[in-house]
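Protein chains: 4
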Amino acid sequence: MSYLKNKIINDPIYGFIHIHFDIIWKIIEHPYFQRLRRISQLGLSSLVYPGANHNRFHHAIGAMHLMHKAIETLKSKGHEITEKEHEGALIAILLHDIGHGPFSHALEDSIVNNLSHEKISLMFMNKLNEIFEGKLSIAIKIFTKKYKKQFLHQLISSQLDVDRLDYLNRDSFYSGVNEGIINSNRIISMLNVYKNQLVVDYKGLYSIEKFIIARKLMYWQVYLHKTVLSAEHTLMKVLQRAKKLTQTGFEIFTTPAFKKFLFEKETINDFFFIKHNLLEAFAIIDDYDILTCIKNWVHEDDKVLRILSKTIINRKLFKIQSVNEEELHEKLSIIQKRASKKLKIFDNNLDYLVFPIKIKNEIYNFKENEIKFLNKKNTLIRLSEIKKEFSVNTENSNIIKHYICCPEDCIN
Amino acid sequence: MSYLKNKIINDPIYGFIHIHFDIIWKIIEHPYFQRLRRISQLGLSSLVYPGANHNRFHHAIGAMHLMHKAIETLKSKGHEITEKEHEGALIAILLHDIGHGPFSHALEDSIVNNLSHEKISLMFMNKLNEIFEGKLSIAIKIFTKKYKKQFLHQLISSQLDVDRLDYLNRDSFYSGVNEGIINSNRIISMLNVYKNQLVVDYKGLYSIEKFIIARKLMYWQVYLHKTVLSAEHTLMKVLQRAKKLTQTGFEIFTTPAFKKFLFEKETINDFFFIKHNLLEAFAIIDDYDILTCIKNWVHEDDKVLRILSKTIINRKLFKIQSVNEEELHEKLSIIQKRASKKLKIFDNNLDYLVFPIKIKNEIYNFKENEIKFLNKKNTLIRLSEIKKEFSVNTENSNIIKHYICCPEDCIN
Amino acid sequence: MSYLKNKIINDPIYGFIHIHFDIIWKIIEHPYFQRLRRISQLGLSSLVYPGANHNRFHHAIGAMHLMHKAIETLKSKGHEITEKEHEGALIAILLHDIGHGPFSHALEDSIVNNLSHEKISLMFMNKLNEIFEGKLSIAIKIFTKKYKKQFLHQLISSQLDVDRLDYLNRDSFYSGVNEGIINSNRIISMLNVYKNQLVVDYKGLYSIEKFIIARKLMYWQVYLHKTVLSAEHTLMKVLQRAKKLTQTGFEIFTTPAFKKFLFEKETINDFFFIKHNLLEAFAIIDDYDILTCIKNWVHEDDKVLRILSKTIINRKLFKIQSVNEEELHEKLSIIQKRASKKLKIFDNNLDYLVFPIKIKNEIYNFKENEIKFLNKKNTLIRLSEIKKEFSVNTENSNIIKHYICCPEDCIN
Amino acid sequence: MSYLKNKIINDPIYGFIHIHFDIIWKIIEHPYFQRLRRISQLGLSSLVYPGANHNRFHHAIGAMHLMHKAIETLKSKGHEITEKEHEGALIAILLHDIGHGPFSHALEDSIVNNLSHEKISLMFMNKLNEIFEGKLSIAIKIFTKKYKKQFLHQLISSQLDVDRLDYLNRDSFYSGVNEGIINSNRIISMLNVYKNQLVVDYKGLYSIEKFIIARKLMYWQVYLHKTVLSAEHTLMKVLQRAKKLTQTGFEIFTTPAFKKFLFEKETINDFFFIKHNLLEAFAIIDDYDILTCIKNWVHEDDKVLRILSKTIINRKLFKIQSVNEEELHEKLSIIQKRASKKLKIFDNNLDYLVFPIKIKNEIYNFKENEIKFLNKKNTLIRLSEIKKEFSVNTENSNIIKHYICCPEDCIN
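Protein chains in written order, with the numbering used here: chain A, 19 to 430; chain B, 19 to 430; chain C, 19 to 430; chain D, 19 to 430.
Derived from the structure by calculation, the hints contain no laboratory data.
The structure presented is a predicted model; accordingly, all values stated were derived computationally and were not measured.
Among these hints, one or two may not hold up.
Since the list gives no way to pick one copy over another, a pair counts as held whenever it fits inside one copy or between any two copies.
[Stated by the list, open to error] Computed list of lysine-lysine pairs in DSSO-like fashion (alpha-carbon distance at most 30 Å, straight line):
1) 360 to 395
2) 395 to 44
3) 419 to 406
4) 95 to 25
5) 163 to 95
6) 95 to 164
7) 137 to 153
8) 390 to 378
9) 221 to 25
10) 376 to 405
11) 405 to 390
12) 25 to 419
13) 334 to 221
14) 419 to 221
15) 362 to 261
16) 334 to 145
17) 261 to 349
18) 93 to 213
19) 153 to 95
20) 394 to 337
21) 419 to 405
22) 406 to 221
23) 261 to 321
24) 261 to 278
25) 261 to 283
26) 337 to 25
27) 244 to 25
Looking at chain A on its own, in the form it has when it is part of the complex (with noise of 0.2 Å):
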């Protein structure tokens, strides 16, 4: 395999990484895929850890390196795969992320409702594979689980993907909490494919253990991180808050290009998407319009989007504490009546400023599409079934927990 001529990105994880294919390099330089440049990857983790402010351009490209490290050692253990799967491969990973909006899953859940970033990741991948005239077909169908060798897509979604094994380290990198990172060299010197799957030399037991584990720590730490919920959640709400308000006939500051959605009456989800056609205007839309609009709702009439913004910007974050599902409803009316009082805010309003978040983390679902070992007698087997020599267990590995958020001084 050689490479382009002069086509190298710089990374601060993988030194260089090179681009295979010419098609690779004309996506990159698509407006679509630069503006993942403006995309943070971990939203607005970077006011917990101020030096996580990498983007999903970044990402998207370390993915692909590791795809491209996977597909030469399988190769090299004498896996087939053709330069056309290769290719297909890459871009599907290049890609899979290219449908996520401004601050990655704010908008999925204030906006845009019911449309996941997958859905809009393949409307972009169709839309680029009209324009590179069918290029893109075979990387659509590795995405769309529709390829016959099916371990090319479980190397871009599964328990033990390329997207975690970059995303560990990234994430690791970038907010200083080392306890994300992982030996992605090593792990990937295991993959194997059996009978068609993605499956790990038995050796490489410890290498998995450690990649698990390191994953629910980051969870814990970064992405799940008290004070980073407060702040993520607190962002929904000033999108709800300022959609609400466009919906019921207010005039606030918006983008040019956020306008479109959120001043829309319909209920922008799957349907309507293709209805009018929008992924134009979703392609300009990125965290510089969010944080524009946010900026200037601190001055807005509407109090509550004013709090909202302020918490933001200022970096003035709601108090979250952790709370029992039982006396959740009783908590939350307490903290609730208190806020109203000092507030003067009433009734639904109120739901804006306190209000409580659920969250559910798996581990590793011993269920379904279990990582799988082969041996050295060529048999396989599932993690689940030498749970004994993991530190992984299927007790823990389903967390719920609930969390109050509110202005600080409604705290108790």
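Fit chains B, C and D to the known structure of chain A by using the hints.
Below, chains B, C and D without anything else, positioned relative to chain A:
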């Protein structure tokens, strides 16, 4: 020195950064300082080094961390530094760059003319000194070189200051250009004071050599990288064009915060700033305003503004070529003619699309404010006196280069 | 706490290690301590991990460095630790392993029977206490658990001591098995004292989890790596064989220093050691004696000794296979028969060439001396009480494995 | 290029090193090569940098790894390198240092006079070529500069060879002197071939500059560190003294392997080596023989030998001071007189205890075999032609220094 309980900032470079004074925490929490989260440290360098998305917030705190270490070192070597001076020095370095506008230098050379960020930093410090009732007085004296212990100022601003120590490592870390990595721990442990001057213990010679070379390499590989120069100067041209248009009566998109600066008819300099009490206005503009504007200018009527804006948003950067000073004018004129024909742009408007760039880079100033070494016999040696031992020589320490920048299809 | 001027030790893991007390420097300079330069930290692990050539000298100093940091942390949290206690704790950790013989554990199980390195460490400490006129008295009390401030002893020896904190990172660093890397800075910053016990602030939960998992992974990947086990146990067999030969009147090569131990007819245990005042003799044997002997034993008359010695010198290691306890004896007997035929070695002599290995590994002791967390309400929680939160579970925390080790051509 | 299954060597610097040819694995397993595990890479530098215990085994394999990467790079740039040449180049670099004796250079200047390690390396290669039936023929041609593709030899031995690329990083890593860290990946990716010569792509300019500076800094901070010089030269004196004693009929301790060299009456040079077919004898001496001898010489009758040996074993190193060439003889004579009085050592014997050290260090050779750059117009530029761009200048590239070394109490 004890720590403020629970006041810890995570840093991927130094690990934990402890906050040692109550006033420091209050300054960090102030919106003026929080704004630095939205000012990138390296401007558009991330278009070349995608990892380099770090901001001035993080750099300021990192530099403060090194200042603390430097002060601890000097105290352990027997030099008296009082609690108040310690606090003052930390504040001074924390705020040394607070006057930076969006994209750091771009604004200085386009909208806010003739008003350095150092001057604005001082305005912010004075304002914060009012807010915090005089607690920044020593910091301001140190910053403005009026404090008796000169070495404290030298730690903030000299050829070997903690600002440089932090940014070299930080910019290396995030860009992945590891040529800039220095051993800041070792350098700081070699710092000393002699007759009120900051000096280096003689055995730190090689660490200093490495530091100077590392800085030089970062200049050529990052700060003055050709493609970065193209992007940064195009950004200035965008802003200059936008200003030109507003001055001649055009209405173009702007964010409310930036409007005050973009549509102002008077020259925005030192004098103007004070007259209109512009600090509050300045305190709310950041990278998000500028990039949101540029994203929208892609659709403006003015062709020049459109071309320039697209260049940045879609990362179709102008080509840049190195030229000799002698041939500069002739080449420029040839390319401008070609551009005029191709783009149908005429006269003065061409200067926005085909323009020269001149850079100066001084590796080390051998004439003023030299780095000084303290040998075992307690005598001072200026770096220039031992330059034979060094790899830094006078002849090549001052470099001037010329380039021409233009749209890709206008180059021969 | 000021530094001893110019007393700095370079460490690739921590950077500079400062020496804080005059007596510490003197102990380091003493030949007893300098001997540790010639005792490898990981014995024959370097036959598997070629980078792992670090020695006990460096580990002891590293652990002392972490002890200093731990003490500084505890002091900053308001716990009183006097200058003398500080010094004592540093000395105690510095010398905790000084009683290790060549290749650490190999001698304990072959030549010096029934005499643990801890006991010999204590003898060295007592001797040094004489030499330095009582300056080690507090250190000895801390080491032997007789000092009132129990937490100081716990920092030296417990399930979360600075010994472990150093060796995990150090062994990872040198072996290149980065699964063992832990964030010792973070862990130390979470240490606290409650009712005279060493505890961990509750928010350090995930760092502790990572630490326990990292230790487990290092056990399986390095300390108990199959090939390492083979090498280490063969080394014991070499020494046992040599001892056997000398006991039955054979003359074999030995270095003068090792002669005293190898040719001694009495059992070399606790009692013997004191009776013959063997400390000085012990203080001059190191890895160099053992390896020089083995190099020469390659040419001795005794076939068993020759085979074993070549195994190590030329790194033609014995094969090792995992077996169930039930099948152990049968398999052993089969392989011994095969070996007897192939190698013409008979009867008891076979036990040197075909032998079982039994290992026990306790990841974490859930019953005694548990790691304790201090929550915000100032109550203590033992790790076992929150094991649901953890990835460490009781069932698999205690593991026993069986192997058979034999020459390559004797395995089926 | 596929891998040999399961043939992987762990390296803390590069991660996994794969073995690509069967013959390579066989050479590594040969006792000649395994001996390198017992030859330290940096001799007694570990007395100054306690982490620097790495050995020649590991360096040789590391350099081979970089050679493989360099060859892959050159092939990807279109230069033909056959499978056999590839294999040959890997073997040549793997064995380039196999002729090193114990403590690398110490023996060359004391016992084995006038016989460079390069010559002995070649003898080993020839011997291995016999053993492996001609499979090393190309490797030997490359090593001895007789192979047509000159650039392959240049990769092994030139001012920019993979030997240097490995040892700079490796010595930095283990010593903790991170001034020597270079970006070997980047440098290798810039290598090219032009008219049969190894060249560097022009844009690699700054990486090469950093490489040269890094090497210089490692020389001053590690290889020629004053205390290291003292230790290394004292080691030579120990060996010279021991040789002197054996030549004049004294019986002193020696290991059997070293006896042949130490007690030999003839001069041990090139001629002698071949006449007596000494390769097998040489192949079994290593650091363990030398240090075991010195440990025992601490108790020999000869006072000079005793003093020198203790110096090393107990790390009570001789003091070393820098002197001008002009004052050298006078100062030496004064110190020798003082030493004579204090130590009761007379006449020629004094030369073992008070002696001059002269070192030469050439940072970069501007006259011969220069590093060459290939610019975009496909013309070659020698580094000296663009030295203005560089921080390396002719005047200070060749440095000579003088020292005097003597027991501590003999210095003024």
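Hints, verified against the model:
1. 360 to 395: Result: close only across copies, 28 Å inter versus 69 Å intra.
2. 395 to 44: The answer is between: 27 Å across copies meets 30 Å, while 45 Å in one copy does not.
3. 419 to 406: This pair counts as both: shortest intra-copy Cα distance 26 Å, inter-copy 14 Å.
4. 95 to 25: both (28 Å within a copy, 13 Å between copies)
5. 163 to 95: This pair counts as within: shortest intra-copy Cα distance 23 Å, inter-copy 36 Å.
6. 95 to 164: within (24 Å within a copy, 37 Å between copies)
7. 137 to 153: The answer is within: 20 Å in one copy meets 30 Å, while 55 Å across copies does not.
8. 390 to 378: both (24 Å within a copy, 27 Å between copies)
9. 221 to 25: Cα proximity of residue 221 and residue 25: across copies only (14 Å, versus 36 Å in one copy).
10. 376 to 405: both (28 Å within a copy, 22 Å between copies)
11. 405 to 390: Both. Shortest intra-copy (12 Å) and inter-copy (26 Å) distances satisfy the 30 Å Cα cut-off.
12. 25 to 419: Answer is between: at 26 Å across copies they meet the 30 Å cutoff, but 46 Å inside does not.
13. 334 to 221: between (49 Å within a copy, 22 Å between copies)
14. 419 to 221: For residue 419 and residue 221, the Cα distance is within 30 Å only across copies (17 Å; inside one copy 35 Å).
15. 362 to 261: within (22 Å within a copy, 44 Å between copies)
16. 334 to 145: Between copies only: 21 Å across chains, 41 Å inside a chain, cut-off 30 Å.
17. 261 to 349: This pair counts as within: shortest intra-copy Cα distance 28 Å, inter-copy 54 Å.
18. 93 to 213: Result: close within a single copy only, 15 Å intra versus 34 Å inter.
19. 153 to 95: both (27 Å within a copy, 26 Å between copies)
20. 394 to 337: Result: close only across copies, 16 Å inter versus 53 Å intra.
21. 419 to 405: both (25 Å within a copy, 17 Å between copies)
22. 406 to 221: both (16 Å within a copy, 28 Å between copies)
23. 261 to 321: within (15 Å within a copy, 34 Å between copies)
24. 261 to 278: both (11 Å within a copy, 28 Å between copies)
25. 261 to 283: within (9 Å within a copy, 36 Å between copies)
26. 337 to 25: Cα proximity of residue 337 and residue 25: across copies only (16 Å, versus 47 Å in one copy).
27. 244 to 25: Close across copies (16 Å), not inside one copy (41 Å); limit 30 Å.
Of the numbered hints listed earlier, not one is contradicted by the structure.
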